[in-house]
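Protein chains in written order, with our numbering: chain B, 1 to 338; chain L, 1001 to 1361.
Incorrect hints may have been included.
[To be verified] Here are the simulated distance ranges between beta carbons:
(1) B/Arg103 with L/Arg1353: 48 to 58 Å
(2) L/Gly1090 with B/Gly261: 38 to 48 Å
(3) B/Glu310 with L/Asp1311: 31 to 41 Å
(4) L/Ser1031 with B/Thr99: 24 to 34 Å
(5) L/Ser1031 with B/Asp114: 42 to 52 Å
(6) B/Ser136 with L/Asp1053: 26 to 36 Å
(7) L/Asp1325 with B/Lys258: 32 to 42 Å
(8) B/Pro277 with L/Gly1090: 27 to 37 Å
(9) B/Lys320 with L/Arg1328: 57 to 67 Å
(10) B/Thr96 with L/Gly1090: 23 to 33 Å
(11) L/Gly1035 with B/Asn26: 19 to 29 Å
To be clear, the hints were calculated from the coordinates, so they are not data collected in a lab.
All C-beta atoms, glycine included, are put in the ideal place defined by N, C-alpha and C.
Read off the chains here:
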Amino acid sequence: MKDFNPASETASIVSVTDRVTRVRLNAPATAVHFLGDTAVFVGAEENVTFAKDDEVKDIAVHGGGILCATSDGKRVAVGGDDGKLVSVDAKSNIETLATDAKRRWIDNVALHADGTVAWSAGKTAFVRSPKGEEKSFDAPSTVGGLAFAPKGIRLAIAHYNGVTLWFPNMGAKPEFLEWKGSHLGVTFSADNRFLVTSMHEAALHGWRLADSRHMRMTGYPARVRSMSWSAGGKFLATSGSDSVILWPFASKDGPMGKEPGMLAPLQAKATVVACHPKDDIFAVGYSDGTILMVRIEDGAEILVRRNAGEPVAALGWNAKGSLLAFATEDGDAGLLTL
Amino acid sequence: MSEAAANKIPVTVLTGYLGAGKTTLLNRILSENHGKKYAVIVNEFGEIGIDNDLIVGADEEVFEMNNGCVCCTVRGDLVRIIDGLMKRKGKFDAIILETTGLADPAPVAQTFFVDEDVREKTALDAVVTVADAKWLSDRLKDAPEAKNQIAFADVIVLNKTDLVTAPELAEVEARIRAINPYATLHKTQRAQVKLSDVLERGAFDLDRILEIEPEFLEGDSHDHEHCHDENCTNEHHHHGHDHHHHGHDHGHGHAHGLKHYHDEDMQSLSLRTEKPIDPTKFMPWLQDLVAKDGEKILRSKGILSFKGDDDRYVFQGVHMMLEGDHQRKWRNDEKRESRVVFIGRELPEQAIREGFEKTIA
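Pulled out of the complex, with its shape left as it was, chain B reads as follows (with noise of 0.2 Å):
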């Protein structure tokens, strides 16, 4: 990236907090996801804002609370207490994919390249193919987290003492993977060779698929709430700590007996991360209200804001790259063109 230029000569950091356009966000957010070159806040309540240049747009999509959010990079998918799961395009077209007979809470939420979109409510996983055939899954405790495989239609699911990969267009019996403890988040590597949960207590997961060997990532002083892949998925760079926890998976035994990385060391903790889309980069946002970018290399450091306020809530790239969006938990937001 040619932008990243950080001076190692000189004693400060190097900022571009004044290359940040503010964004003004009529309520907190809790996720940010891009579609083309709009920035779309997902606030903790009701609405969306969609975000371009000097455009502020609200758009409703809740009745309630929203629980969560992802996006395909064509449309952003919702889930709330209101027991619907919606999407919204860029052109902000809402469509409700989902209402739940019982007016649960839709609390998690995943999305497929392919347009199969998977969500849960309790106990119960449920997927919806591109034509609306709809099936679903009772995962034995609730489900934590969701995500689908890079290939083919694999979804696993995270709950209680383990993971469950379902495969919901074969008959095939769903494989477990059994790890004492309760699995909130999940991710699978982008070449399919490892799935990572994050757990209640401070500490990651880790299996590689091809024969469910486990890989234990602990020493975190708190809960991970944020994982993400380094483009080309040489790294899952994680919160939870004072500094950026990076966990090597180039090779075939993943992090197994490496010593993590530990990058951008500040006396907060870090509570976002979001990995650069093309390069060896990060953004990571802090308990303090600190967002840095850092080079995974040598981890060179980039102010992109500095501390103040609440915490850091939200962190996300456009697909090309080239604009960084954020949100904080008491609703300042911003863009960081580069």
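We have chain B already, so just place chain L on it with the hints.
Relative to the frame of chain B, chain L by itself:
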């Protein structure tokens, strides 16, 4: 309330055996003209008529923590629900959590100790147990859950008193007191209790562990001390009188007409001393005690006077979990007395008493 606690959403846990009147009490709280908004977490969503804007169904999933401690359990669903409710902060002032009649209050309470996010945003206010005056005595014999709920309670609403005679009421009250002499007890019909008696109690707020005197009789100012030996440094409330184990139903008359029962498996134990405590002995002893016997100890609380320390030290615990802090300076007009209470099942009384004695500086 401490400053930290003031910013947190208070959570009242409403428990009680099936049919005791939990839902009646819940609806009373919600319908009263208090100007407050509550988020309500219930166990059977949609099956009972509760009129409230913010209501969510819970699954009562009890998760073991991954630390090898079997009694270290949390309510996994609660972690998720509180996280979700916090998306709507500003829309409610407090949370009321109604458990099923068969629920153990411990995992609920422990969730507020263990889970970092829950702890950051909310504070457990009190465990309120609704008990059926007519049937509680029977349930205490055949339902361990009912006994747990009584033992765990900060506030007990002894409901449906109109369905029992005065002697029957005295008997059920005595049975409750045999298990838990520390909870505030209110006798009610149709769960008619003042809201201030069940809400905003701060029972888990370390700053409000001011008095841990037993409350044998509501509004009755009789002498609580059952230890007749002037030099006695501690007491055991249901053992104060010369009392032998004759089985569940043995009781004897008391000056106030309230029988004193001994519950075979659930007791409370109170220790006290006016001599200063050595913190370097007390803390390891307490930690060791809950590590070994935490499964049996449901609740623990204490106010301590440490040697050479002008601050009161307070602690509380649920099973193996403990939290404690220096609270404030001892006042000049206040007796510097250390008091520790345990409520639990088959408590190793002798060992606890001896262990405590050894922590005296």
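Evaluation of the provided hints:
1. The hint said 48 to 58 Å for the Cβ distance between B/Arg103 and L/Arg1353, and at roughly 54 Å that hint holds.
2. Separation of L/Gly1090 from B/Gly261 is about 39 Å and conforms to the stated range, judged on CB atoms against 38 to 48 Å.
3. Separation of B/Glu310 from L/Asp1311 is about 33 Å and conforms to the stated range, judged on CB atoms against 31 to 41 Å.
4. Checked against the hint of 24 to 34 Å, the C-beta distance between L/Ser1031 and B/Thr99 comes to roughly 30 Å, which is consistent with it.
5. Checked against the given bound of 42 to 52 Å, the beta carbons of L/Ser1031 and B/Asp114, roughly 51 Å apart, stay inside it.
6. Judged by the Cβ atoms, the range 26 to 36 Å given for B/Ser136 and L/Asp1053 holds: they are separated by roughly 29 Å.
7. A hinted range of 32 to 42 Å holds for the C-beta pair L/Asp1325 and B/Lys258, which are about 40 Å apart.
8. For the hinted restraint 27 to 37 Å between B/Pro277 and L/Gly1090, the CB-CB distance of approximately 35 Å keeps it satisfied.
9. Taking the beta carbon of each, B/Lys320 and L/Arg1328 are about 59 Å apart, inside 57 to 67 Å as hinted.
10. The hinted range of 23 to 33 Å is satisfied by B/Thr96 and L/Gly1090, whose Cβ atoms lie roughly 26 Å apart.
11. For the pair L/Gly1035 and B/Asn26, the supplied restraint of 19 to 29 Å holds, since their beta-carbon distance comes to about 26 Å.
Hint compliance for this structure: every hint is met.
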